[in-house]
Every structure is written in C-alpha cells, then in structure tokens.
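Asks: Listed below are the residues making up each chain.
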Amino acid sequence: MSSSPMVVRVKQKRIAELISSGKRLDGRGLTDYREVKLEVGVIERAEGSARVRLGKTEVMVGTKIEVGQPFPDVPNQGVLTVNAELVPLASPTFEPGPPDENSIELARIVDRGIRESKAIELEKLCIEPGKKVFVVFIDIYVLNHDGNLIDASSIAALAALLNTKMFNYEVEGGEIKVKPGYTPLPIKNHPIAVTFAKINDKLIVDPWLEEEQVMETRLTITMDKDGKICAMQKGGHGYFTLQQILEAVKIAREKAEELRKLVVRG
Amino acid sequence: MPKRKTEKKKLNIPQKNPEKLIAKDDVRIDGRKLDELRPVKIEVGVLGNADGSAYIEQGKNKILAAVYGPKEVHPRHLALPDRALLRCRYHMAPFSVEERKSPAPSRREVELSKVIREALEPSVFVEYYPRTSIDIFIEVLQADGGTRCAAITVASLALADAGIPMRDLVVACAAGKVDGRLVVDLTDFEDKEGEADVPLALMPNLNAITLLQMDGGLTVDEFEKAVNLAIDGCRELYKFQKEALKSKYVAVKEAVEE
Amino acid sequence: MSRSERKSGQFVVPGDRLGVIEEFTSGPGTYVEHGTIYSKTTGRTLMDTLNKKVSVYPLVQAVGVPRVGSVVSGQVLDVKSKVGVLRILNVGKRSLSGFFTGILHISDVSPSYVETMFSVCKTGDIMRAKVISDKNRTFYLSTADKNLGVIYAFCSQCGHVMLLRRQRLECSRCGNIEERKVTSDYGEGAM
Numbered sequence: 330m331s332s333s334p335m336v337v338r339v340k341q342k343r344i345a346e347l348i349s350s351g352k353r354l355d356g357r358g359l360t361d362y363r364e365v366k367l368e369v370g371v372i373e374r375a376e377g378s379a380r381v382r383l384g385k386t387e388v389m390v391g392t393k394i395e396v397g398q399p400f401p402d403v404p405n406q407g408v409l410t411v412n413a414e415l416v417p418l419a420s421p422t423f424e425p426g427p428p429d430e431n432s433i434e435l436a437r438i439v440d441r442g443i444r445e446s447k448a449i450e451l452e453k454l455c456i457e458p459g460k461k462v463f464v465v466f467i468d469i470y471v472l473n474h475d476g477n478l479i480d481a482s483s484i485a486a487l488a489a490l491l492n493t494k495m496f497n498y499e500v501e502g503g504e505i506k507v508k509p510g511y512t513p514l515p516i517k518n519h520p521i522a523v524t525f526a527k528i529n530d531k532l533i534v535d536p537w538l539e540e541e542q543v544m545e546t547r548l549t550i551t552m553d554k555d556g557k558i559c560a561m562q563k564g565g566h567g568y569f570t571l572q573q574i575l576e577a578v579k580i581a582r583e584k585a586e587e588l589r590k591l592v593v594r595g
Numbered sequence: 049m050p051k052r053k054t055e056k057k058k059l060n061i062p063q064k065n066p067e068k069l070i071a072k073d074d075v076r077i078d079g080r081k082l083d084e085l086r087p088v089k090i091e092v093g094v095l096g097n098a099d100g101s102a103y104i105e106q107g108k109n110k111i112l113a114a115v116y117g118p119k120e121v122h123p124r125h126l127a128l129p130d131r132a133l134l135r136c137r138y139h140m141a142p143f144s145v146e147e148r149k150s151p152a153p154s155r156r157e158v159e160l161s162k163v164i165r166e167a168l169e170p171s172v173f174v175e176y177y178p179r180t181s182i183d184i185f186i187e188v189l190q191a192d193g194g195t196r197c198a199a200i201t202v203a204s205l206a207l208a209d210a211g212i213p214m215r216d217l218v219v220a221c222a223a224g225k226v227d228g229r230l231v232v233d234l235t236d237f238e239d240k241e242g243e244a245d246v247p248l249a250l251m252p253n254l255n256a257i258t259l260l261q262m263d264g265g266l267t268v269d270e271f272e273k274a275v276n277l278a279i280d281g282c283r284e285l286y287k288f289q290k291e292a293l294k295s296k297y298v299a300v301k302e303a304v305e306e
Numbered sequence: 002m003s004r005s006e007r008k009s010g011q012f013v014v015p016g017d018r019l020g021v022i023e024e025f026t027s028g029p030g031t032y033v034e035h036g037t038i039y040s041k042t043t044g045r046t047l048m049d050t051l052n053k054k055v056s057v058y059p060l061v062q063a064v065g066v067p068r069v070g071s072v073v074s075g076q077v078l079d080v081k082s083k084v085g086v087l088r089i090l091n092v093g094k095r096s097l098s099g100f101f102t103g104i105l106h107i108s109d110v111s112p113s114y115v116e117t118m119f120s121v122c123k124t125g126d127i128m129r130a131k132v133i134s135d136k137n138r139t140f141y142l143s144t145a146d147k148n149l150g151v152i153y154a155f156c157s158q159c160g161h162v163m164l165l166r167r168q169r170l171e172c173s174r175c176g177n178i179e180e181r182k183v184t185s186d187y188g189e190g191a192m
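Protein chains in written order, with my numbering: chain Z, 330 to 595; chain C, 49 to 306; chain L, 2 to 192.
Note that these hints are calculated values from the structure, not bench results. In this text the structure is predicted, and so the values were computed from the model without any measurement. Here a beta-carbon is modelled for each residue, glycine too, at the ideal position from N, C-alpha and C. Keep in mind that the hints are not guaranteed to be accurate.
As the list claims (entries may be wrong) - A partial selection of chain C residues facing chain L, derived with a Cβ cut-off under 7 Å:
| no. | residue |
| --- | --- |
| 1 | ASP74 |
| 2 | ASP78 |
| 3 | PRO118 |
| 4 | LYS119 |
| 5 | GLU120 |
| 6 | ARG179 |
| 7 | GLY211 |
| 8 | ILE212 |
| 9 | ASN253 |
| 10 | PHE288 |
| 11 | LYS290 |
| 12 | LEU293 |
| 13 | LYS294 |
| 14 | TYR297 |
| 15 | VAL298 |
| 16 | ALA299 |
Unchecked claim - Which chain Z residues stay away from chain C? Per the calculated CB distances, all over 10 Å, these:
| no. | residue |
| --- | --- |
| 17 | THR392 |
| 18 | GLU414 |
| 19 | ASP475 |
| 20 | LYS531 |
| 21 | MET561 |
Work the whole structure out from these sequences, hints included.
Replies: Below, the structure written as structure tokens:
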C-alpha cells in the first residue's frame, strides 16, 4: 500500500504543487476520470447487479425486490432503500461493525440522486394502495477503496437498476401470484454523481485515495439525464467559493454526460 | 418475498416425489454425477489494499477473502503473548441470497466465522508473530450451498498470498445424503432437501481434518463413506488451489524476468 | 511422490513435501514434522546437494513484521525527555496495512551524548530507525547512524514542512528554526 498517512503527509506538498500546475500524480488531467470498467448481471441471485471498477476502486451493487408496506404519506408508491457497506476487506481503515457515518453518508448521497431525479417510477411499484407495494433495496458493497467511492457507487447503482428484472405477477383476491417471465424495473431517469476535490484552491475530478487524504474539501453534484442538478453534497473540513461551485456545476454536466454513455447503452 | 421459491415438502420425501433430486441414472438435479464437484474458478491476489486476497467461484457461490496483517492488535488487551491472534469474519452480502439478508451479522455468520477460523488456525504458524493479529475477512457475494467450505478454501489462499508461513493449505468440501444417496459438494437446494450434510476441511499433505460438522441423519457406515467422499472432493479442489497460486506467482515472476 | 524427483527451481506451495530428514536438513522456508520436510511458503525449491540442505525461495512478498536488524520508518507519536515513540508504518520498503509501535531511547539516538529527546525529534515527524531489540515484545529502535533519524520534520509552530538550509532546519513558511537528528538524505523523499 502506497497510501499510508505518512506517505501522504510527505507527498502533500508535491500533490498540491502538481495540481497548481494542472497536473496530477497519476498523470491525469484535472478533470479526467480514471478508467471505468463496468460489468452487469454479475450476481444471478440478485434481481439486478453491477460491478464497477474506477481505477483500483471497486464497488459492487446488488438490487433486491421484495413486497412490503408503503409509507403512509405516499400510499401508492413503492419504497426505495439504499444501504452501503464499507466491508473491512476493502481497506485497512474499514472496521467491522454497524455502518458508520461515512457509509451512511455514501448511501444517502446515492439515495438522493436516485430519489430526487425520480429515476425509478415508484408509482408503478404499487400493488395495493396503502397496503402492499414493492420495496427496491439497493445494496452498495465496497470491495476495494482507492478513493471516490461516491461516483463509483452512483455508477454501479444506476447500472444495477437498469439491469434489474422484476418477476411478473397478478393479484388474485389480495394474494400476489407469480407469473412466468420478467420485466425490467421501470426506470425513467439516469442520475450520475460527479465528485470534485479541492486541493490548493483548485478543483479536480474523481480524486483517488491519496488526493482524498490531502484534499481540503469535497463536492458531489448529481446530474440527471436532462443536465439538471438533482442532488449535491459538500463534504470535508474546508470551504468553497460560489465561483468554484458554479465552475464545478459546469464541469459536472459534461462529465456526467460522458459517464452516462458508459452506463446507459442504446 | 412472494412465493418465488418453489414450495417443497420438508425432508423424508417419499420416493414417489415427482421432484426427485437424483434421477435413475445417478444424475443430480444440476446434471452432475454423484461424486462430481461443481465447476470451480479460483483467482489469487484480486484486491488492491489487502495484504493477501483470493476469489472463488464454486458453482453459483462467489466468495472473496482478504487477509490483513500480521499487525499490532487493537484493542491491545486482546494481544496474545506467545502467538498471533487470528480473527475471522464471515459475512454475507445482502444480495447474496434469494431473500434479502440484513447486513447485520446473524447468529449463523458468527458461528461460521468461528468454525472457519478454527479450521484455518492449525495451518498457520501463529507462534511466529506474538502480540500481533492476522485478520481474515470473507465476503460471500453470492451463496448457493457449501459457502463455509468454499470460504475456507479461498481464505487459505488469501493467507498464502499474504506470505504468512503455513504448514499446509486448507481445503474444504462437503458431502451429504440426498434421496438416500451419498453425494459430494451439495448445492443449497440439495442441502435443504437432502437428508444429511457433512462439511469437512482438510490439510491435504498432513492428512489432518480441521473442520467437521454434520447435520441430518446418517448411519455410521454412511458417515464413513460420506467423509471419504468429502476428502476425495477436497483433494480434487486442492489441485485448483495449487494451480491458482501457481498461475499468480509463476506468471508474475516470468513477467518480471522478461 | 518419490523424494529424488525434487529438483531446484520447482514451484511449491505451503505443505508440499520436500524430503525427509534422513536425506536433507531443513533450510529457510521449510519446516519439519514427523521426520518429513515440508514447504511453509509459496516459492521455488532450492536443493543444496553439497550441504544436503533444502530451502524454499519465496515468490510471495515477505510478511512485513519488524525483526531485529530491520530498518523501519514511521511517524513520531509522542516525545518525552528521554524517550520517543514511533508508529512504525514501513518495514524495509514494504508499507504495512496496519502499524507497530517502536520505542527510541535517548541512549540509542546517536553515538555521541544527547541532552534531551526534544532536540532529536518532535511529534508528527517522519523517522527512519533500526530495530535493535524486541525483548519483552517491544521494538527498541536506534538511530545511531548517519542514514537514520528524521527524514521529514514539521514545524512545531505552524506545522509546515522544514527545509534543510545550511545544516539547519528552517520552516518553509514561518522561518522558525529547529533542531533534529536528521538523516543524510533529509527531505529527499526516500522512505
């Protein structure tokens, strides 16, 4: 492992200086993503699944569909649940145990992108208003942490949703009967998160682990397929200026478009 | 989940049951022979951050294992004065099974973590690393019966990949009784519908059995046969284990020499 | 397997039989149980026919645990007047996924007399040292060599990295001047 806190402290100055001159330690430009590798349908047991490699960062997402109760305020809508596990095999800094604030934040950022862009047509997941609806579980599983888990998870979550198949059913006297065949989950929007790190007052896209360890602050912008912003999250101990945020939005729009092409084919 | 799982009657199925698990010509429900393993694919060194890692696909089982350490033990009072503390966490992904599993560790996962650790511990020279811990993390990404065995097989490779000195590799395989016949390497369906299941782990060069569990009903005679069947399965799997290490390290070395 | 089949350069994994003790002595990378020699690592066999010794040359990167004689590096956790505590993060060139704790006593800092530990290193500094003892399961360190000592120091006033100028350490930001036991390659990034 090259990213121990010690190495990073020593490299901090070099990383910052390079970024000031428009370069990065791994040779990328400031707004370049690492190579994205996507596989879908990797877990046959799940209704939908995807494995995303963003450089050395590796995330697997599986979706599950179950029958449950709707929330009382939206009785005719299906339920979306996003959960993230930072399993300890992914990084020496991940501890076994219940989800910590980092994994909950990760899940909620991905959740917000999907929910606010209305990516899943939740109205179509209602079986019996107020009583029975489908619950879509999105489980994010981080397998190797090398920075920017948010974007990797957002790509994997969208790819897994697009890969999700629902079994056909009919309702007979309040009972759900499964019919043969599957239909795809109704998806009408494609949110993609783009994460920026601010180092030495410059914005870079897709920070890897060493950059995350020296970054002052972080901004995630989730864009829907029409180029509208559907979710944002500022993180880290630093701050942004309004100008930086507006610049980030512009870049995010382009980058989201690029990434979306990898996920949504045809 | 609505009734997606085929509803079968529990155990002791009368012979007339149309859902026979073993056809007349000794062919199992997935087309295997009685003593045939599921297809196996093993890869060593698959994760970037871990000190050692390995991945196995055995039938529909997909399992990742990672090893961190030896490293200083935290919390410190757990450190052992004369040997390394081996810790193991067996965990299943929520999407690994038909019905979503809560990510919080279940009683089953806690027990399996313990028996897997105890199956691996005899193979590790823990006495070389006093006051340190060696952590083994096993993540079941997809489960289809026999995950504890596949987990042991893959975790042992992750330990070897971490460069931890070992007496032998540990390889595990289950045998059981299905439809009154003894079979090897049961799928989830065969395990649930069958009459008995005997998971077993072996250090193949030392002929040492390091895990043995059993549930169901077997006569003493059947048990002996089942154990031998499992051992044969282990020896078969051991070839894949060795091959996986070879393809990682021999390929790497040759690439360096070029 | 017939014993005579073993040749040098064969690929072996832990548990592979290499021979019997009547025939060979057990070298590095091997162990003996019930009179049989086995490999305890993944590597290639090395049959020393002259000395009748069998060893295994490891192909796996050796485990990173400090031993007596290892050169380690890490971050200074705590400094008292007579002793410094180092969080060891690298053993040799290998960086650890975890860490170990090492202790540097003032008498092992340098061949010459040192008044106080505070002139040797400060909390947060990055140091290279050699393990001289692991008695009582504690790693005792020494920096009594020109290649050992602080490789990166951070200003105790403002936290910025210190630069070596005219044999003195000067803060890159506030100009504060401090004293350390530095290595000959201070600040050159050699971990």
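Asks: Does each hint hold? Answer for all of them.
Replies: Hints versus structure:
no.: 1; hint: ASP74; in the structure: 33 Å, violated
no.: 2; hint: ASP78; in the structure: 30 Å, violated
no.: 3; hint: PRO118; in the structure: 5 Å, holds
no.: 4; hint: LYS119; in the structure: 3 Å, holds
no.: 5; hint: GLU120; in the structure: 5 Å, holds
no.: 6; hint: ARG179; in the structure: 5 Å, holds
no.: 7; hint: GLY211; in the structure: 4 Å, holds
no.: 8; hint: ILE212; in the structure: 6 Å, holds
no.: 9; hint: ASN253; in the structure: 4 Å, holds
no.: 10; hint: PHE288; in the structure: 12 Å, violated
no.: 11; hint: LYS290; in the structure: 5 Å, holds
no.: 12; hint: LEU293; in the structure: 5 Å, holds
no.: 13; hint: LYS294; in the structure: 6 Å, holds
no.: 14; hint: TYR297; in the structure: 4 Å, holds
no.: 15; hint: VAL298; in the structure: 6 Å, holds
no.: 16; hint: ALA299; in the structure: 11 Å, violated
no.: 17; hint: THR392; in the structure: 7 Å, violated
no.: 18; hint: GLU414; in the structure: 5 Å, violated
no.: 19; hint: ASP475; in the structure: 6 Å, violated
no.: 20; hint: LYS531; in the structure: 26 Å, holds
no.: 21; hint: MET561; in the structure: 27 Å, holds
Against the hints set out earlier in the document, violations occur for numbers 1, 2, 10, 16, 17, 18, 19.
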